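As given, the protein sequences belong to chains P and S, one line each in that order. Start counting the first sequence at 1; every next residue gets the next number (UniProt numbering). Start counting the second sequence at 1; every next residue gets the next number (UniProt numbering).
Please keep in mind that the hints were generated in silico from the structure rather than gathered at the bench. Note that the structure is predicted; figures quoted are calculated from it, not measured. The C-beta atom is built at its ideal place from N, Cα and C for all residues, glycine as well. Be careful, since some hints might not be right.
Computed footprint of chain P on chain S, listed as stretches where at least three residues anywhere in the stretch have a Cβ under 8 Å from a Cβ of chain P [claimed, not checked]:
hint, segment
1, 206-216
2, 359-370
3, 438-448
4, 489-496
Simulated pairs of lysine to aspartate or glutamate, EDC-like, Cα-Cα distance not exceeding 20 Å [as the list claims (entries may be wrong)]:
hint, chain 1, residue 1, chain 2, residue 2
5, P, 492, S, 353
6, P, 107, P, 76
7, P, 492, S, 236
8, P, 339, P, 328
9, S, 492, P, 402
10, S, 277, S, 328
11, S, 492, P, 76
12, P, 484, S, 402
13, P, 186, P, 156
14, S, 492, P, 156
15, P, 492, S, 362
16, S, 492, S, 415
17, P, 501, S, 236
There are 2 protein chains.
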Amino acid sequence: MHRRDLLKLGAATLATGLTPALATTAPEPSSANVEQWGLFEIALPGPSTGNPYQEVSLTASFTLEHRTVQVTGFYDGEGTYRIRFMPDALGHWTYTTASSAPQLANKTGAFTCTAPTTPGNHGPVIVRHEFHFQHADGTPYFPFGTTTYAYFFTSDDNARASIEGLKPHFNKTRACVLPKPLGGDKEKQILPFPRANGTNDLTRFNPAYFQLLEKRLLELQRANIQADVILFHPYDAWGYKSMPAEADDFYLRYAIARLSAFRNVWWSIANEYDLVKSKTMSDWDRFFRITAAEDPYSHLRSIHHSGPIYDNTKPWVTHASLQRYDFENTAERRLAWRKPIIYDEMQYEGDIDRRWGNLSGEEMLRRFWLAIVNGAYGSHGEVFFSATGEASSADAGQLRGDSPSRIAFLHALVEKLTTTGLNAPESPYYLNAGTPGQLYLYYFDYHRPSRYDFPLPTTANFRATLIDPWNMTTTPVPGTHSGKSRITLPNKPYQAIVFEKISDNHNPHTEAAKPEVLD
Amino acid sequence: MHRRDLLKLGAATLATGLTPALATTAPEPSSANVEQWGLFEIALPGPSTGNPYQEVSLTASFTLEHRTVQVTGFYDGEGTYRIRFMPDALGHWTYTTASSAPQLANKTGAFTCTAPTTPGNHGPVIVRHEFHFQHADGTPYFPFGTTTYAYFFTSDDNARASIEGLKPHFNKTRACVLPKPLGGDKEKQILPFPRANGTNDLTRFNPAYFQLLEKRLLELQRANIQADVILFHPYDAWGYKSMPAEADDFYLRYAIARLSAFRNVWWSIANEYDLVKSKTMSDWDRFFRITAAEDPYSHLRSIHHSGPIYDNTKPWVTHASLQRYDFENTAERRLAWRKPIIYDEMQYEGDIDRRWGNLSGEEMLRRFWLAIVNGAYGSHGEVFFSATGEASSADAGQLRGDSPSRIAFLHALVEKLTTTGLNAPESPYYLNAGTPGQLYLYYFDYHRPSRYDFPLPTTANFRATLIDPWNMTTTPVPGTHSGKSRITLPNKPYQAIVFEKISDNHNPHTEAAKPEVLD
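For reference, chain P alone in the conformation it holds in the complex (with noise of 0.2 Å):
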């Protein structure tokens, strides 16, 4: 194998983007470490006549030890061919491809997964502790994720205004696959598919598209933010939403080709897949099970809606993406599919005229502590009115509301009280979330109790701190708690407070609290 025909994705290269340029620069193959969770690529040379896209098959299996994982290459356009696999586990990896072009067949080489040293790379996030989330190497993950549909195939200054917006405040964004249409002339948007004459080719792909798509979702890793890779939307201009099943099948496993080995990815079936009208309940299942297949690292698979909720107790869903905010329904939720749920749409902070895009930072807020104290998560966006008068629809470019450094500090304080994530009792008087013994973090929300006999356990000491959200003040209240602590409160709405267990209480003598009344 030539120097040229393999590429390494290491912390080094991730560093400098992925562009086609990059492909000459890397090691040889016999000397290649790539981290774990990095992204290792084989480049080959390979037909460029016909249909590649369709004639062309292309497979590799990597072997380490006695485990041997098959993954699927692409095309990439102008006679090269690639194939992309993300070590999960540290030793010495070879492979050997498989294709039905003799050129691009039977090629072997190796390399050595090393632990890894980028910063931020803990490995994709999976679900832990059956409502919950954690990177792949046990590192605490809980999703405070925003929205950015156009992120992908925004213009550079728009992207590079979103990075800054988000990574100081979130760790996860939406973005589709599939472009929406932007508001310029549509004809002239770059597109995945070749297009003439207002007439879509559905059997090839434009690959600077894909190449664009990458080096932004290296940019969101970079940014240590999770991808939720939309793959189907409504929001559509160019015919995309009603292609024929072969094409939608053709687009997706090409899609699941180029970018499951990008760690931070999440599969998003659809966004609003109810208002894809051209397609029926089956349509999605089949989506769910080829993504499934596919993907040889399971990342997470969740599909959103806008009127009904998608059934997400089949086997095929690892979490619920919301559009809702009817949070007193979550512990039901939790119940009826044992898994994480996160209302991905809760509406929007903004000033727009659609009554899905006009809340105050303050609501948002809200929203996101409702979510937390349910055992569940939330995700942000933001839509205003531009200078011009036009709506910018939760695509990307610079955050403008007020509720992003009120979200971080709730995820700060998330990271700083769990490692697995807040619980909510069953029918709870004030609402709260923690571990039973351990934790309790109450949200007031529109009420303001003067005072509260909180019903802590007689077998702990407890330290308690008053939370403003909005302000972003912790305030600690004097003195250890144990069995049932009357607290004077701040008498304004939106408050919190926390109990953190600081010693075991070997000799209760402090009053046990009663059972809560449900008046």
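Starting from the structure of chain P, add chain S where the hints point.
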């Protein structure tokens, strides 16, 4: 008939209150004038031995031309029997009594019913325009009420403080006939039945209890406050919530005989009926039927719940009295019941630890507006920890919250805008209520669009006024508006705007509003 046998409670005597002493100062029956919807009372001496409450029957037939109205009298203690009558039509009325006691039978007399002169006497409140109310003389009446459960049996000081707070802010209050424990020695409270050594005599009444109640009822009447008289409730310390059915009915008939001639009475069969565990649905139905049969004036009848809502389609229910704040279900309820809806408990403004008792003034006001723009009504209540740390549960006394003046502002606005009540369109994009083609009152709740294209009809011209419900300001929008009308809005939550028709638009050149999108 002796002059002392007759008491006329017209404007002059009402002004000094209803006390036994007044019974001797009434004018000659032959010259008696009673204003329409005033209270005409006959007092007769009769048997005081045995149990006059149970052993003596007493009725009177009041006749005006072709009409005869039969009413039931009651024993008021110390050998005095009374018959009360509220004349609803002008003219010369005559009456004849009937009784099992010869001493009370066949008494006759007459009076002239004259046009009302007492300020605020517009007759009882009745249902009109299907979902709304009106006084009997056609004067519009929109319920903006509060809650003073213990008002009828509270101290004079508390009652005076209540009236001072209620009079400028509210035109209705909910108050219990049967007592609630007030926090002191429950055996020292004034009680409706004789009680000795902790044992009730449920075969007799304590007239002084009802006389106090009637004094309070007249205080409300003079303040133009409708009394939503609660006949049964679960907040009991003496066994009144679990009396035998015969005692329930005996009490109910007695209360109706005493109170129904007061024009400001509404019947609330119960508060939180479903928390009175000793009674069944057929008991509540029977109470309704007794009330409908015994009250000659058909005062409004409702029943208030805690959990399950009573079947408000039953024919004896005049309007729904709900303990809910799910205003989004109002349209469905209006369609189902075809009756006015009052959200009589939407939680309380206050600062106590129970979750129903610590709304901010802002949240209480918000719920009033939500009730109104859904075509319904709300009721206020407040409960604060007192200086001594004990809660005053919406009983009676000084108002301490921030919402009453803002509720009165809304009340004045509604009175200015409509005579027949506000109705909401089917599935509005933003909440609004009014009269199609004439009036649109929008309330944006948590939405804060910086502008909106209001879909006004093109057939009329409207003036627009921005309303800040909390700061109680109204700001006219320059110009007139017709058809699709873009208005710049304050871009903060909880704002309102009203469009009032000022003229027809016979040659509409304005752009027709498109049907609103249900994004």
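Okay, the hints, checked on the actual structure:
no. : hint             : result
1   : 206-216          : violated (count 0)
2   : 359-370          : holds (count 4)
3   : 438-448          : holds (count 3)
4   : 489-496          : holds (count 3)
5   : P/492 with S/353 : 13 Å, holds
6   : P/107 with P/76  : 18 Å, holds
7   : P/492 with S/236 : 33 Å, violated
8   : P/339 with P/328 : 17 Å, holds
9   : S/492 with P/402 : 13 Å, holds
10  : S/277 with S/328 : 30 Å, violated
11  : S/492 with P/76  : 50 Å, violated
12  : P/484 with S/402 : 31 Å, violated
13  : P/186 with P/156 : 18 Å, holds
14  : S/492 with P/156 : 33 Å, violated
15  : P/492 with S/362 : 11 Å, holds
16  : S/492 with S/415 : 26 Å, violated
17  : P/501 with S/236 : 41 Å, violated
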